Every structure is written in structure tokens, then in C-alpha cells.
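Q: Could you build the full structure based on these sequences and the hints that come with them?
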Amino acid sequence: MSNRPTEDALLPQAAMPANSTVKMPVGVPGYTLHEETRQAPASEPPVWPINKDLQYVGHSAHRYDGPDKASGRARYTSDVQLPGMLYAKFVNAALPHAKVISVDTSAAEKYPGVRGVYVVEHVLGPAELRNPALDRGRYPVVRFAGQPIAAIAATTPAAAQEAATLVRIQYEKLPFVVDLDKARESNAPPVFPGPADEEGSAGGGGGPSDVHQTGNVHGPSVHRVRDTEQGFKEADVIVEGHYITQVQTHSALETHGVVADWKPGMLTVWASTQGTASVREELAGYFDLPMSQVRVITEFMGGGFGAKFGAGNPGVVAAALSKKTGAPVRLMLDRQEEHLSVGNRPSSDQTLRIGAKKDGTLTAIHLVSYGTAGCGTGAGCAGPATNLYQYASLHTEENDVFINAGPASAMRAPGHPQGAFALEQTIDDLAVKLNVEPIDLRDKIDNHPVRRVERQIVRESALWKSRSPVPGADQGPVKRGVGLAQSVWYRFVRTNCAAEVRVHRDGSLEVLSAVQDIGSGIKTVLAQILAEQFGVPPSQIAVKVGDTNYPVGPDSGGSVTTLSLTPAVRDAAWQAAQKFLADIAPALGVSPSDLVLVDGEVRSGSGKFQPISFRRAAAKMTASQITAQARRVPDYDPSKYLTYGGVDVAEVEVDTELGRVHVRRVLSVHDCGRPMNPEQTISQINGGIIQGISFTLFEDRLLDPKYGLMVNPDLDLYKIAGAREIPQIDVRLVEAYIGQSSTDASGIGEAAGVVSIGAAIGNAVYNATGVRVRRTPMTPAVVLAALRQGGTQA
Amino acid sequence: MPGSAFPPPSPDSPPETPRSGITRRGFLKGAGITAASTALLEGVQTLRADAESEATPGVTEFGPGADSVRLHVNGAEHVLDIEPRTTLADALRLHLGLTGSKIVCDRGVCSGCTVWLDKIPVNSCMTLAIDAIGHHITTIEGLSSESEPHPVQAAFVRHDAMQCGYCTPGMVMSCAALLERNPHPTEHDIRHAVSGNLCRCGTYPKVFAATLDAAGSRRA
Ligand code: FES
Ligand code: FES
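Chains A and B are the protein sequences, given in the same order.
Using our numbering, the letters of the first sequence map in sequence onto residues 775 to 1568.
Using our numbering, the letters of the second sequence map in sequence onto residues 63 to 282.
Because the hints were derived from the structure by calculation, they are not lab data.
Only a predicted model underlies this, so the values are computations on that prediction, with no experimental measurement involved.
Glycine residues also receive a C-beta, built at the ideal position from the N, C-alpha and C atoms.
Keep in mind that a hint or two might mislead.
To be verified - Computed spacing ranges between beta-carbons, pair by pair:
1) 127(B) to 1431(A): 53 to 59 Å
2) 1239(A) to 242(B): 39 to 45 Å
3) 248(B) to 969(A): 58 to 64 Å
4) 248(B) to 1387(A): 46 to 52 Å
5) 1233(A) to 242(B): 42 to 48 Å
6) 986(A) to 248(B): 55 to 61 Å
7) 242(B) to 1502(A): 25 to 31 Å
8) 1064(A) to 249(B): 54 to 60 Å
9) 1110(A) to 249(B): 30 to 36 Å
10) 1239(A) to 248(B): 24 to 30 Å
A: Structure, rendered in C-alpha cells:
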């Protein structure tokens, strides 16, 4: 992901307005805070001080839509009910690989309650053949069990479901493969008849398209920095490990789905999406509609984690069925379809070799990875190895291996939990070989200024101090251990987003953006920004988001939302405030520059009049409404290559007789630029830690090699961490100013623990037992096998 | 507890209703239903004409077509036309428009669909609507009034015990039910009470803190 062009690189950039020089706070308060100069567009608002000197931003305002969510009033896509609405159900492939000979929908069409049937013409999601002619046939080739083939719209969900069972599909079976190792063999059944590529989405995912494909192996995608052969020659010690991670599914609680209402002149779609803009674009493109005739609404959405971009098959099919039937259509996937057909985190099989000098300096990193993204691509995982540490040379080879399973999609920090699981355990192995503390070794090889501070916080923590330097020191069968690992993520900026701010004559304020709140709390943050700018409490701000009728918002993937959108919102708020003051100044008998907005009042800086309430001042407006729109301006210093990260420490108990690993405590020290709302940021980090624990210890998408079907497409046998498995989590947020925009916000979604916690657990298990577990999920069977082998390759 | 057969109605539950013994919808879904409990059938207003004649004494069959039933939801009586196989979750969400409770797994493992029957939390996806006849059903919408949130709801907001919010109604119902039966829970009790509630966003630590806080504020 880090090596691929961002959306912004592909868009023509707007001309930059004239610049002015500004001084900005940069660094970590209490550690490295200092002032730096930047060139900012002259139209930008004044520089904000650090959080402690702001009133609302940087403080923990209550979640804007908290009362709606806690009361059940929040209306998600799955809750939308329109008059005359039909319920749609997919008919899915029962085989993992087949040509579809015929689809007979006649019995289904006659079933009581059925209003429309649609046969899928093009399946969205899987990789596409470079030469589409290789796949000619009336229907799309089935490449995974669960691939949508047709859909039924009926007056009740039950009728749709029953009619779906009446669709007769004739297949010509094709040989299939669902195992990564088997798929790599030269005589493996080919998933595609030729080279095929998957494009990434706004949130990452997808893979390179400029690589070779041999059989099912799509790659390698090679990246070299200087000469690793030379690097290994210069090494005093070399460590090597073979690491395996499993496929994980996103398992958002609200499944993918839409309600589509196709009316002449306007297609309105409620979508459970991370990108209202992405849904609109895909539907407008697919149906050849002008953008102005497609409206996408996402008031609330129940989790995405990278899998919910674009209209996808549910969006296209629901819209087509609505067009056909003349009625609104709801199509929500069921839990099984959610596991099978709309994305997952690819597996990995990594061989990592690292060479170092006696003093710890890394001379060479060599990574060869294979992973499967099903019938998609995007299994690359070299991000951490490439971007976390200083090294003299690097060689990475990433390979995608096609199997007959649902295509992957971006999942929270694509590739990084996998890559860090191998890298950060290998770095600990290196520390053992060099006989240094793992935290000291990282001080030597990691020059990120903020992680240096974060390691200092870890070093001073009671948890880290409680770590025994000797592995396997505990006597009994249940052994305690502590380990750490680091994470990295990148600053991707979307300048293609904007916001509008309105001041009304009754003193009410609103902010409008098409951005969707995926649970990170962007609504709250927008309210805080207006509050700060107008000097009124956030509770007085109305936030209107999740509707493409408003100015375009960023798609929420890759931790871009807050850092991309908030400067546009602040700029619009500032401009609206300036217009507002200019408008009311004559009525107050002062010049606009004499007016200040603070504590819910309008005051005269020179004391020309007694402070009046904001509401009374607004009554003096000469129009009923003042508006300002602003687009995101580019970062002030785009030449800086900026990453964020964190250090996570895990304390585990390993039951060496039962093989059970239990995470007791986690210390999570993270940075995200200026934290806009610390409480919400901590919520996201808790979530990243918990998802990462779940990935490391429990989750596993199991495919039956004999039938090619997923054996646990539910939420009971597909085990996700629950209340009993949650450790005590102590999050320390590190304010790290970077001087890049009018809010200086960054992102946290990806870096939030999910990248590093797996390796931290691995390092803690080693500290507890003296044995390295190089495979996830660390189930009792995997742990016991590793203990038996005494830590040789798992 | 989530997914289990109904516990006996609690002493303060309004209409005394013998247990129907019908709890596994998988067993019954899509078939006509034979109920041995006449009390259960009190809520069924229309019965198929042939049902009485063919019935063994004390046994009445109804379904598979729609029948008119009376449900007592959030303090009000509702008459619904539903098939016997209709789950309580569908009856509430589709027929009554009470969409606060969510269907997530649709098989009794996530508690996203939690409602109360006589203050006992149940998974409404695993409960047939006809099995709820005669019980007082409380949904998230009925837990509080618009002006006065339930202490657990208020604490969830104070502690930011939610992200996407999709699990939140179920979490709130489980935690509020815990406080009904145990006003002074420990964190361990809370973990136990929500051990069936899945949250993919990972809000658990704040759910524990919010519920402890709500218990504290109730005590005060
Ligand atoms: S328990 Fe009812 S939806 Fe999961
Ligand atoms: S808040 Fe999203 S699932 Fe719990």
C-alpha cells in the first residue's frame, strides 16, 4: 500500500494560492516540542496552539450521536424501511469452481410474493483477467463457493429466501484448489486461465498489476534497496524465521447491504459503506447515470474495517432490481455471505532473514512472502519490513497465490499485522542473539522521533519494568511473560474533499459534508471544530453528514478521514466566522477586526460594547444565512515523508499444559498528530488491540479441502474475542504535532494496535516460555506443538 | 441468558404464563406448530377453522399461514398478523418498526438482538414471536423515555462505550438487565453478563466501565 500511488497523485491538483510564512508547533509536548516555519496558503486561518491551549478541540467531547446509538434510535441501512419496499436475496454458487451452463429462474419467478429476478452479469471483487476473452461464456465463471449468481426480490424476506432455493443452476464442474501450498504447485488447478489483477480500493487492498503470473502465483513484486548480498556478508549475526498467518474476515456486525430506490431522474441508495462518494461513483458508472442523479445516504453504519467501499455486488444488484420492479429494494447480506463474498485479510507465509552488526545496526533485510487473497490479490505484507527501521539493504518479494475462495479486500492496516508479526518477532530474536534488551535494540535501529518518546514511556511503565529478562523464568505450568512490538502507518492525504458551514440568523450553526461516520466519531470532531471557531459548546452544533447531497467527503480507508477532512471544515468555519463578523460589525458600530467570538458571546476587543450572546449577535445578520465552503488544501510541507505508529506491550499467561494463551494486560502508547478527541481516539485504539488479539489467538477462516467450502461461516465456530478475553488495556496518547494543516490532525484507525499486538503477544509468549510461536492463530494445538518442538519452526 | 430457554417468569412479571416449552425455532420454523399450552394460545385471536376439530383435547395446531396475535411491547398492546415461524426479532423489526435491536448472527451467538421478556434478556432471533405471547416484551426503545435515558444508556454516552454502535442496543439491554438482578455487580459479573454480546469495534473496556459507573450512580 505504501508503494502505490494515492488517489491524490492521480487527480490533477488545484493551483496553490499565494503562500505566507507561519510558525507552527511541532513535536511532542514535554519531550520534543519546538516551533517550525511552514509556507501556508495566505487564505488559511491562524495557527492553532497545542491542545492544552484550546477549549474544545483536543478535549473529550461526548460522542455526537451517542444518545442515538444508546437508545436504538440510530437508523442503519439494515433498518431502513420504505413504503412498498421489497426484500432481495442472493442465489449463490454452491461450488468453488465451475462454469455456469444455465440459470433457470422460471419457478422462482412464479413463487408467490416474488416481484423481480436478476441474473448477475458481472461479479465485482475478484481479480479481472488481463485478457477477458479467455473467460468467454454466457455467465461469469464461478471462482468461489458463495459467489453471487442471481438475486430475487420479493414482498417478504421469507418469500425471497424460499424463491431463491427454486433457481436451478446447471454447472460444469472445474477442478479447484483452496490450499495455499497446493495452489503453488506447478500442476495445481488454475484459478484463472491467465494473468489476472485486482485493483485496490480507497482503503487499500488489491495488488500490483505489473507482475508476472505463473500458474496461481501472481508475483513476485520485488522491491530492492541497495545490495542485500553485500549486506549479509557484512553481518556479524543473521536471524531467520518462517512465519504463517491465517485468513481473517472483517466480520463487521452490520453486513454489507443497501436499500436502493430507483425513481425516474433519481437513484437514491442507503448504503452501509465507508465511502458515500465511492458508492455514488460506482453506481453512476455501472448504470451510466449522471452523478447528479445518484444520491447515497449513510446516516449510520455498523462497521466496515476496510471491506465496505463502492457499491459492490449488493449495490449493483439492488439498484438493478429496483429499476426492474419500480419499488425500493433492500438487499442485506446474511452472515454466511458476509464471510464468503465481501472480503478478508489475506494469509501470509513469510520467510524473513535479517543481518546485523554486533552493535545492532541492520545490514540486510530479506523477505519472501506468499499469501492468498482468494481469487483476488493484495497479500503483500512487506510494509513493516520496509518502513519501520533503518537498514543498509533490503530485498522483498511479495507473491499473491490464487485459490478458489472469496476475494480479499483492504482490512485495517492491509498487510501490516502479518508483516509486523514476522518482523517484530525476528527483531526480538536478534536482540536475544546480540544479548541486548529488545527495547534498547529498537532505540538503536529506529530513528522515528515519536516512537523514541513512546519507548521512553514504555521503559518507565510498571508493566515493562515487571518483565523478567530471562525467558521462561516462572516455575509452575502457567508462565507469565511480557513483550513489546512497534507499529507504523503512513500519512495519506485526500485533498478531494470539502465541507460547508452555515450560520443561521437564529444563532444555530451547522456543518455539512458527505463524509460517513464509520464509528470513529468524525461527527463529534466536526462539532468540536465549529465550537472552537465560534466559541460555543459542541452541543450547539448540528452535524449533517453521510449524504452525497453535501460537499464530497473522503472515503474512510487508510486512516485518512480526520486528517483530510478536518482542515477543510476548519477553513470553512473560519471563513464563515469572518463573514459573520463582517456582516454584524456595522450594526454593532465597530470594525470586524474588533470582534471576538468566545464563551458563547460576541465581544468587542476594545470594549466598545458590553458582550452580547452569540444568539443575539446573530439576530443582527443582514441575511437569514451565511455560508462558506472550503476544500482541503494540500499539506503545508508535502515534501515530508510522515509516518505514525506506536509501541504496544502485552502481558500474557501461557498455560504450558493446556496450550492456552491469555492476554492479561496491554499498554498501548500511540501517536496520531493532534488528537482531536482523546476519548474517541482511545476507543479506536482499544478496538485495534482487541481485533489484533482476536486475530492472533482465535479467528480462522477454515476451508474444507475436499469440497472447497468454508466450514465455519458464522460467528460461533468463527471465534472472535469476547468479553472474557479482553485484557486490561492502558492507552497512552502521545500528542505529536507535525505542522501540516490548519488542524494538524492525523489518523489512528490503522496504526491503532492492530499492527503490533500480534507480535507483542508472540514476544510475550517467548518471554514466558522461551519458545517462539511463529503461527497464528495461536490456538492451544499450535502452542502445544511449538512447546513440544522447543521453538523450532512451528 | 442469551440463547437459553426462557427462565420462569420473574415474580413481578405481569401476566402469569406457563412456559410453552417451545424454544428452538430451528425445530419448528416453516412447519405448523402444535402447542400444548392453552395460555400460549390466548394471544392467538384467529385460529384455522379445522384446528379445533382435528385437535387432540388440549392441543391446538396453527400455522403455517399468518395468524393474528397480540404482543405486549414496551407497555402497549399490538396486534400483528404473523406466521408461526416468525421470530420475535422479525416481528419487532419488520412488523412493528422497532429496529433498535439488530440481527447480526441470526443464530443466538451475538446477542445483538437482545430484548427482555419480563425483564429477562433473550435473543429475539432465537425466540418465536408466538412464544412471547403473554410476556411483557421490552426493547431498547422501551428502556427509557426520550427525555430521561436509562442510567446505563447515560453511562454508555459518558464513557464512550460505543463506536459504530451496532452492538450497543444489545449491550445496553444485557447490562441493564444485569443491574435489575444485581444492582452492585463487579467487573467480573459484567464480563459474564455480556459474554454473549459481540462487539467487533472492541468497545468492551468502556462497556465494563460504563456499567460499573451506572451501578454506582444507581446506588447513590
Ligand atoms: S443472537 Fe440474535 S442476532 Fe445474534
Ligand atoms: S460498537 Fe461497533 S460493534 Fe460494537
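Q: If a hint holds in the structure, say so; if it does not, say that too.
A: Each hint, compared with the structure:
| no. | hint | result |
| --- | --- | --- |
| 1 | 127(B) to 1431(A): 53 to 59 Å | 57 Å, holds |
| 2 | 1239(A) to 242(B): 39 to 45 Å | 43 Å, holds |
| 3 | 248(B) to 969(A): 58 to 64 Å | 59 Å, holds |
| 4 | 248(B) to 1387(A): 46 to 52 Å | 47 Å, holds |
| 5 | 1233(A) to 242(B): 42 to 48 Å | 46 Å, holds |
| 6 | 986(A) to 248(B): 55 to 61 Å | 60 Å, holds |
| 7 | 242(B) to 1502(A): 25 to 31 Å | 27 Å, holds |
| 8 | 1064(A) to 249(B): 54 to 60 Å | 55 Å, holds |
| 9 | 1110(A) to 249(B): 30 to 36 Å | 34 Å, holds |
| 10 | 1239(A) to 248(B): 24 to 30 Å | 28 Å, holds |
In terms of the numbered hints stated before, the structure departs from none.
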